[in-house]
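S.K.: In case you want the letters, here they are:
There are 2 protein chains.
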Amino acid sequence: MAASAYESYPPELSPEEEKYLLSTVKDWSIAHGLAVRPAPTFVEPSSDPTGVLATTAPVTLFPSLFPRKCFEEGLAIQKAYNELYSAIARDEGWLKSIVEELLDIDDFVAKLWETHLAVKKEGYVQDLSLGLFRSDYMVHTDPSNTSAKPGLKQVEFNTIASSFGGLSSQISALHKHLLAIDAYPSSTASIIKPDALRKSQSASSLAKGLALAHKAYGSSQAGRPLCVLFIVQDPERNVFDQRHLEYALLEENGVRSFRVVFQETMIHTKLDTDRTLLYTPPNSPSVSYEVTTVYYRAGYSPDDYHSPQDWNARLHLEKSRAIKCPSLLTHLAGCKKVQQVLATPNSPHLKRFLPDDEVASRVLATFAPIYPLDQSEAGKEAQRLAQNPDSASRYVLKPQREGGGNNIYRTSIPPFLEKLPETHWPAYILMEMIEPPPLKNAILRNGELQRGGVIGELGVYGVCLWRESGEILENLEAGYLLRTKGDQSEEGGVAAGFGAVDSCCLIDT
Amino acid sequence: MAASAYESYPPELSPEEEKYLLSTVKDWSIAHGLAVRPAPTFVEPSSDPTGVLATTAPVTLFPSLFPRKCFEEGLAIQKAYNELYSAIARDEGWLKSIVEELLDIDDFVAKLWETHLAVKKEGYVQDLSLGLFRSDYMVHTDPSNTSAKPGLKQVEFNTIASSFGGLSSQISALHKHLLAIDAYPSSTASIIKPDALRKSQSASSLAKGLALAHKAYGSSQAGRPLCVLFIVQDPERNVFDQRHLEYALLEENGVRSFRVVFQETMIHTKLDTDRTLLYTPPNSPSVSYEVTTVYYRAGYSPDDYHSPQDWNARLHLEKSRAIKCPSLLTHLAGCKKVQQVLATPNSPHLKRFLPDDEVASRVLATFAPIYPLDQSEAGKEAQRLAQNPDSASRYVLKPQREGGGNNIYRTSIPPFLEKLPETHWPAYILMEMIEPPPLKNAILRNGELQRGGVIGELGVYGVCLWRESGEILENLEAGYLLRTKGDQSEEGGVAAGFGAVDSCCLIDT
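The listed protein sequences correspond, in order, to chains A and B. Take 1 as the starting number for the first sequence in UniProt numbering and just add one per residue. Take 1 as the starting number for the second sequence in UniProt numbering and just add one per residue.
The set of hints was computed from the structure by calculation and includes no laboratory data. A portion of the hints provided could be inaccurate.
Which copy? The list can't say, so a pair holds if one copy fits it or any two copies do.
[Claimed, not checked] Cut-off 30 Å, straight-line C-alpha distance, at most; resulting in silico cross-link-like pairs (DSSO-like, lysine-lysine): (1) Lys121 x Lys176; (2) Lys19 x Lys419; (3) Lys380 x Lys111; (4) Lys96 x Lys111; (5) Lys19 x Lys199.
Note that the coordinates shown come from a computational prediction; the quantities given were computed from them, not determined experimentally.
Starting from the given sequences, assemble the full structure and let the hints guide the process.
M.R.: This is the structure we're talking about:
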């Protein structure tokens, strides 16, 4: 395939082609739960007070082009990433050294660490940990060497509430359906073809991860029925994404689960004397379930903690015998400071956790250079780069904590730092911008079609179940997500209204 | 199970029980395409100009009680009904005698017959016919004999556009899901239990019916790709019901299909010299598909014929070599006059089409007494019954033609007849009201929960593929639908806003 063929991808659509594609997408998406609750800006809550309306999740009409080798490398190294982050989460001493640098500047990290210490004081009673991870990458083309092959560079590694695994399975199935019914113009036949489209098994695989933890928990000493508990936000527009995992958990694995709004944790759960976590469904108050696994789809961001009671709830859950997905230390392992110290040039840390040189080098190859904004040698260099508008234009400034939404890009960095007290600078890391190849696509959102330049972000899911002793019981690659956003915006997150779910159309570059 | 346990079914729900049930129903329905496009009274079209919003289809929260023996009898005799109606459709002479009585009073029947004669003049070129039938019943308890066992009485037999097969599979799966997650109060445990709930395979079975016709058509002489053509209305709020058949056709049978709005038939299809029906997708004008099977989900009601051009379109399709689902004569076989002559007491007609006495007697047992409103002996008796408010209160007056929406009930009959010229009376039949047992349920519609007395109507789907010669190639029972409406309303039809899709909770009476 000549590169020029890719340049005109996706093709312009005739009105008839667009009509067919759109009507198929609109109906297939609802028929298969590729959906979200509509944003209040689209449907006024007063016109749907009981919340029964839904709409197609923001989706791309076409699968975005993605280099096959990069895709395959991302999937291939996920098990190494699972191993890496489970090793970090087990190394409390090392994590402490990282976290301590953030204690004064990141209240959220400080509270998580404090909660960990509080649990530790009483003693952890569960030595199993579950990670449902997602490693996010962009394709990077070296701007100074245009003949170089594209490579995969990591944007971030999610250790908590890795989302879109439910919708990702559906969008990859939708793009395959569109191909099967010839909804794509014939001019794309040499690009969009069966072996270029890859179904994501993420819904099924993530549910399997929860089921593996559930099974590893063992039976209830008190003979109680067992369940997995989803800790969720309310309202949750992206609820179908989560529901798909719940349904796969029940239908493919026979495992019951319940949803509890994070702020209502203390109302519906309690700890037994042996710190067994008991859940009493409000609709069935005479039955208590023993919770095998706490799956956080809330509690990952400071915004979820409305009051000190919510930190009590987190402590309560963490103290319990239930397996946490993730544990506090695993949650902390996902902070950007960890990514930064691993990716600081010539860092000794990666080798500590991944002793196999070949494995470590493959992981290392996916790191984009990341600098601390502290008083180290690398930190001082970073400050110089960040304060100069010319050099800053190749960088992004990211907060250490999770959640997105607060990245500062390129020339916005110097004025931002100017307003920020220098004592707060170490709460950020400076990362070289990944330079993705120019792509185009069409995104359907709230019924409107937006066309133009886009940036794709590949997320690879991983499942890892381990013991505190270091024994890894399960380690699986668990499907993928492609999240695509307009290249005008610089922020991901489909449910927040900035991007669309997508699937990969693999190309050989 | 004591009858009294059923009297309090379904139980009152605590606020927590209702909340759990409703949130599950709202999310599961969208995740599984148990959905409709919202009515304009619910969502103003101007606020969703491109039509991307969807909502939970009107559903019952509980599966409605239904006598097991009646359910099983309905399914068991479907193949006999398929045989009966295929035999009627093959007996042009007999049908002519029926239709001739309606020619002057029912323009729609007259136009269908005229179209048949026009095709016949040129000669039919396809000897295969497909029926996707639905026989609708209510449970009847003889008001004069309360100790008698309930029986199944036929409401009508649909030979064209039998709807809700797609959603019926989903609602029966939803009620099973609600049971599996203990969403029903424990007080229902002796009633709602796994062996009482029956999954409807209607989506899969109806799609299989289309696939069997598609395969029986054979290959294209010209080497063209083959497809099934859905002839549809526009707009169609009940589109997901149809889409589920389309997806099952493709995924379970590998058969391509397209949707054509009835009024656009002549734009997108043409007849080849040998009357092969060719469909050219507007999005792909260089490809012509050969249509194996025309599946009417429009054209069943006079309202679908906006102009003489639409009758030309029907003629054009009927002239073609494609298998019709249904053929014109099969469509006519579904007119209520046919049901009436079969169900007129002491009618000789049933035996003509079902020579096996035992089979005929089982079918006969499901007929409610039906009278013509003509000058025959039975007709005169009917006129006396219909004009007297006392006796009329046990009857319903129904137009002969398809589509519903125009039935006249009980004491409304005498004043209606008074205004109707007597020459138009034979366009109606008089049917003894079926007296269903009192039932209760809760219906979710547009986010509002309505509780109260309901009436359930069981629809049993059938697939039948036959040759003009009388050879029956396929004859299958194809799943079921339960459609439940408030007992204040007297009209079915969920998408029209009068009822809800439901599934059966079988009970032993």
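S.K.: A separate judgement is required for each hint: does it hold in the structure or not?
M.R.: Tested hints:
| no. | hint | in the structure |
| --- | --- | --- |
| 1 | Lys121 x Lys176 | neither (52 Å within a copy, 46 Å between copies) |
| 2 | Lys19 x Lys419 | neither (50 Å within a copy, 48 Å between copies) |
| 3 | Lys380 x Lys111 | within (28 Å within a copy, 88 Å between copies) |
| 4 | Lys96 x Lys111 | within (13 Å within a copy, 84 Å between copies) |
| 5 | Lys19 x Lys199 | within (25 Å within a copy, 35 Å between copies) |
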